[in-house]
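J.: Here's the letter readout for the chains.
Protein chains: 4
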Amino acid sequence: MILPAPLTGVIPPVCTPLTPDREVDAPSLLRLVDHLVEAGVDALFVLGSSSEAAFLTDGQRRLVVETVVAHVGGQLPVLAGAIDMTTPRVLDHVRAVTAAGAAAVVVTAPFYARTHPAEIARHFRLVAADSPVPVVAYDIPAAVHTKLPTDVVLELAADRTICALKDSSGDLAAFRSVVSGARARPSLTGFGVLTGSEVVVDAAMAVGADGVVPGLANVDPHGYVRLHDLCRAADRDAARAEQERLCALFGMVGVGDPTRMGPSSSALGAFKAALHLRGIIACPATAAPQIPLSEAEVERVGKYLAAAGLL
Amino acid sequence: MILPAPLTGVIPPVCTPLTPDREVDAPSLLRLVDHLVEAGVDALFVLGSSSEAAFLTDGQRRLVVETVVAHVGGQLPVLAGAIDMTTPRVLDHVRAVTAAGAAAVVVTAPFYARTHPAEIARHFRLVAADSPVPVVAYDIPAAVHTKLPTDVVLELAADRTICALKDSSGDLAAFRSVVSGARARPSLTGFGVLTGSEVVVDAAMAVGADGVVPGLANVDPHGYVRLHDLCRAADRDAARAEQERLCALFGMVGVGDPTRMGPSSSALGAFKAALHLRGIIACPATAAPQIPLSEAEVERVGKYLAAAGLL
Amino acid sequence: MILPAPLTGVIPPVCTPLTPDREVDAPSLLRLVDHLVEAGVDALFVLGSSSEAAFLTDGQRRLVVETVVAHVGGQLPVLAGAIDMTTPRVLDHVRAVTAAGAAAVVVTAPFYARTHPAEIARHFRLVAADSPVPVVAYDIPAAVHTKLPTDVVLELAADRTICALKDSSGDLAAFRSVVSGARARPSLTGFGVLTGSEVVVDAAMAVGADGVVPGLANVDPHGYVRLHDLCRAADRDAARAEQERLCALFGMVGVGDPTRMGPSSSALGAFKAALHLRGIIACPATAAPQIPLSEAEVERVGKYLAAAGLL
Amino acid sequence: MILPAPLTGVIPPVCTPLTPDREVDAPSLLRLVDHLVEAGVDALFVLGSSSEAAFLTDGQRRLVVETVVAHVGGQLPVLAGAIDMTTPRVLDHVRAVTAAGAAAVVVTAPFYARTHPAEIARHFRLVAADSPVPVVAYDIPAAVHTKLPTDVVLELAADRTICALKDSSGDLAAFRSVVSGARARPSLTGFGVLTGSEVVVDAAMAVGADGVVPGLANVDPHGYVRLHDLCRAADRDAARAEQERLCALFGMVGVGDPTRMGPSSSALGAFKAALHLRGIIACPATAAPQIPLSEAEVERVGKYLAAAGLL
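Chains as they are written, first to last, in the numbering used here: chain V, 1 to 311; chain U, 312 to 622; chain R, 623 to 933; chain H, 934 to 1244.
The following block holds chain V by itself, in its conformation from the complex:
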C-alpha cells in the first residue's frame, strides 16, 4: 500500500487488546480495527505507545502487524512502530514489520543509551537507508527523554530520510516551528506533520498540522474524524466544541490512583476499560507490569463515557 504524501487525516494508534493471560486477542483487535475503519479514519498506526508496544514481545508485535494488515488489506495504510533502543535493534523490527506488510515504520530517537543530536540524526539516516518503506519520526520525550530538535527534524525531512513527524512532545511552539519550517522550504513538499495530542488537535490543525494520532481515538474515533473534518472546513467554533467534548472524555486517563500506579497503567487501563465497556474488546487487561484499574476506577471510566454520550 503506497503511503500518501503527506500523511494526513486521523491515524489512531491502535490499542492492542489482550486476553486475560496477556496474549494478543486477535478477534478483539479486529473488532477494534473495524470500529476505527468504519468511523472513517485515514490510516492505522500499530505498535505505538498506546498500543503498548513497549510491553509486547517480538512475537506479539509480529502477530499484531500481520493480523491488522491481513484484515484491512489495501483499504488503508498500516503504519507500524519499530520501537527499540538503538539502530541495530530498530532495524530488526523494521524488517519484521515490513515483512508483515507495514506501509511505513515509526521510529523514535535512541533511548537507554544517551545520545547527541548528531547520533540521533545518524540513527534515522541508518534506519531509513535500510528500510524498504518510509520512516516517520516519533518525537516522544516523555518516553525517550530527549526532544527531537526542530533543526534535526527539518534536515532529515529535507533529505527525505523521514516522510513525516509524529509529535507527542506536547510542545506546540516547537510543533509550529516544524510546520513553518516545512512550509518555507520547497524541498519539504509532501512532508507530513502529525500531532499525537488528544486535547489540542484543533490548535495543532489551526497552526498547520496535516494529521492527528490521538490515543483516545480508539475510544471515540467518530469524534476525532468529526473534529478533523471541522478543522479542515475551518469551522473553528464547532471544532472547538467537539474538541472540548473530547477533552472532557480524555479526563478518563486520570482515573487510576496515583499512589498505586503510574500514568501508563492509568491511561492505557482507562482506554481499554472504555473499549471493554463499549463492547469492542473482550477483556480490558493491560500488559505487565502495569497495575489493573480497580472496579471503582472502571466505574469512573463508565461515567466519562456516559457524559460524552458514548454509553
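To be clear, the hints were calculated from the coordinates, so they are not data collected in a lab. Backbone N, C-alpha and C fix where the C-beta goes; we use that ideal spot for every residue, glycine too.
To list a few chain U residues with every Cβ distance to chain V over 10 Å, as calculated:
id	residue
1	495
2	541
3	605
Ranges between beta-carbon positions, derived for each pair:
id	chain 1	residue 1	chain 2	residue 2	range
4	U	571	V	159	15 to 21 Å
5	V	151	R	925	15 to 21 Å
6	H	1215	V	117	53 to 59 Å
7	U	351	H	1168	26 to 32 Å
8	V	159	R	692	53 to 59 Å
9	V	20	R	739	34 to 40 Å
10	U	589	H	938	38 to 44 Å
11	V	20	R	736	40 to 46 Å
12	V	160	U	571	22 to 28 Å
13	U	498	V	71	51 to 57 Å
14	V	71	H	1196	50 to 56 Å
15	U	621	R	641	57 to 63 Å
16	H	960	R	805	49 to 55 Å
17	R	641	H	992	27 to 33 Å
Knowing the structure of chain V, use the given hints to seat chains U, R and H on it.
T.: Just chains U, R and H now, with coordinates in the frame of chain V:
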C-alpha cells in the same frame, strides 16, 4: 554454574568487540574473556551497558552469551543482562540468555514506559517468578530515568526476588543505605551489593560493597583485582593509591569531542580503542548510531594507557 | 488603580533598560513604556522574567516600579513581579512593590527549596492573605522547576487566592485544562487566564485565553495588539498570518552562540539589542552574569527586525 | 577573623531557630551556637540551606549574622551564605553579611535564570572581585538545578576566585575529581574541598576532603567532631562505626509524610524538632510555606534521638 551467595569480587561488564561491519567478533571476544579471567576476576557480566547491550540485536546477544559460556565453561559464573523495556520483553531475554547458559540475569527497572515504584517491584517479582536463575537488580538511572528506591530494593531482597544489586547510580549515600539495610536484616544474608563505579570502588568497598562491576576493568582488570584485594585486606592507603591510578586512567572516557558525540560514543569508544591499542581486540568499532573517535582522540586514549603503565 | 476582572488584553512584561554600568536607565524605561502604551497595550507587567527581575537588586526593583507607576499614573494597571524563593521573602517584595503603586503582584511557586503541591498552595494563600492587591500566579517551570498543577490553580482561583494565571509553561494542554476548569465553575467568574507565549498566542486565544504576556511585545507591541484584536474578532486566518510574522521575528532569541552563553543571555540580549536598534532604549546591556551579544549577533537581530518590517 | 587556608574540620550549617510567629529566636540561636562551639567544631556556616536561608528575609539574614558573629567574636570563623538568584543580588547579600562580620561568603551558581558554564564562571568572578572576604563555591544541584562542572571549579580555584568548595551534590566521583585536580596543581595549594554530606563523611574524608558541613551536626555536633577526628587519625573502622551511627540518626529526615509535605519540611522539621527535644532551642517552627511535623512525626524524631543515645 551455581552462583555464590553473596556475589563478590570483581565482575567486569564485558565489552562486545565488533568487526568493522558491526558483527560480533567472537575471536576478539574470547581473547578479551581470557584477558579478564587470567587477571583473576571472579565472574563475568555480559550484555550490560558497557557491553553495548542496548545496541546488540537479539541474535548478537545470544551469540555473545553462548560464546562466552562455552569458553569459560564452569570456571566462573557468567551473568547476562536481560535489558529491555518491560516485563514480557525482559522475560524473552531471560529465556534466551538462560538457554545459552547464563548463571544469573541482570535486570533494570522498566523504561520507555513511565512506572510507579509498585510497578517496578511487580516487574522484578514477575521476572523472578519466571526466571530459572537468580535475578540481579541493575540500578542505572542515567539509562532508565528512575532510581530504584532503597526500600524497594530491600523488600525485593528480603523475599528473595533479587539476589544482588548492581548500583550504577553514582549515589554512594543510597548505596550505603542498601548495604546497611541488608546487614541489619538476617533475612538478607547472602544478598550481594555491587557497585558499578569505576572511580569510587575503594569508598564503596569501605562502606561494605560485596563486589565491583567497573566497565574500565575491561581495559585494566589487573588493576581492579589488585584494588579489590587491597580493599579486602583493609590496606586502605594502598587501595586509595591504586584507585587514583585507575581514576586517572578513567579520564579516557572524556576523549570524545562533546560537540560531535554523546557520552556513550566517547566512553565505549575509548574502552574499545584501549583494548585495540593493547592488542586484545581486532577492531575498535562501536555499534550504530555511535560516532567513532577520531585519530587524534584515539591517540589521547593511548596517552592515558601509557600514563597508567599499560602501553 | 483597580484591576479589571478578568485581566485581559496585551500585557507586556516590560524589559528593564540598563546603563552601561548596569544601573536602571529610567529615561529609556519611560521611552519603552510610552512605546508600549502608545501601541495600545492593556496593562504593564514589570519585574517579570523578561524584565530581568532575577538580576535586579531590591533597590533597582523598587526604582522600576516607582518610575513606571508615576509615569503611567492611572492610565493603565501596572502589575509587578514579587519574584523570590519563598513566602517570607516574597512578602517583602509584595510590600515594596505595592508601596510603589503596583496594582497586582505576580508570584511564582517557591524555588530553591523543594516543595510539595500542598506547600505551593500554602505559599500562595499566605502571600494573598498579606497582600493589599490581587495576586497573579506565575507558572514558569523552566525557572522554578515545578509546574503548577491544574487542580492547585483552580482551587486557588476558586477561593479567590489568585485572580489570574500567567502561564509560561509552554504546555497548551494544561493551559486549556485551566481555561475549561475555570469556565465550568461559576465561582471562578472573573478569573483571568493569560499566556506567556510569544508564538502560540493565536492558539491560546482560540482555546480561551483572556490575555497575553509576550516578552517580544517589547519589540513589537503593535504586532501583538493587532494579533490580539484579530483573535478577539475571530479573524483567525489573519491572526495566524500576524502570529507567523511574529514567530519569524521571535527567531531573534536564538542569535546568541550556545557554546558561549545561555538562553537568557541570548533572548534578553536580542530583545534589548532590538529595542536599541529601534532607537527606544539607549543601551542594550543586560545584567550580570549574562554574556553580551557580539557585534555579528546584534547584526543578525537587525536582520530579524528588517524582515519583520520593523527597521 | 582570618580564614584558615585550606578550610578544614567540622563546619556546621547552623539552623535558624524561629519563634512561634516565625521571627529569628536569637536566644535559641545563641544556645545552638554554644552547643556547637562547645562540641569543638572548627567554624560556623550561617545562612546555608539548613539555615533556611531561602526562607529568611533580608532583615532576618542580617540579624542572624550579626547575632552569631557578635557572640563567637574571634573564637572561630563565621561563614555566611549569600544565596540569591544572580550576581547583582548576591553582591547585595555579600555587602550585608560582610558588614555584619562574616569571614567568608558562600555562593551558589545562579538559579531561576538558566545559565551556561561560562556565565557561572563569570558570576563567581564578579562576586569575588567585589567581595572583601574569600568566596566559597556551594555546589547544590538539588536547589539550583545545575551542577558545578569540575573544570569550572578547578579553574576558579586556580585563579583564586574561590577559596573552597562546599559540595552538596551527592556525587562522590565528581567530588574526588575536584580533590585530585586540586592536589595535582601546586597553584591550588590552600584550596579547601568540603563535603555537605551527612552520610558519607568517612568516604569523603578517605578520598581527601578537607572538611565537612553536615546539617545533622546541628543535632549531634559531638558525633561529627568525633567522626572527623577518627578520619584524620585514619582509624577507619571506628570512623565507619561512628558514621553508621550518624547514618541511622539521619533517618529522621524521612519522618514527614511525603503525601503531605516536601523533603525540606520533613528534614528541617526533623532537625528542629530534635534540637527542641534536646532542649537547645525553644520552638521547633520552620519557616513558611513549610508544613509542620505532626505530633506523631515529632515522636518518631524522639525515637531516632533515643536510638542514637542523644535523649
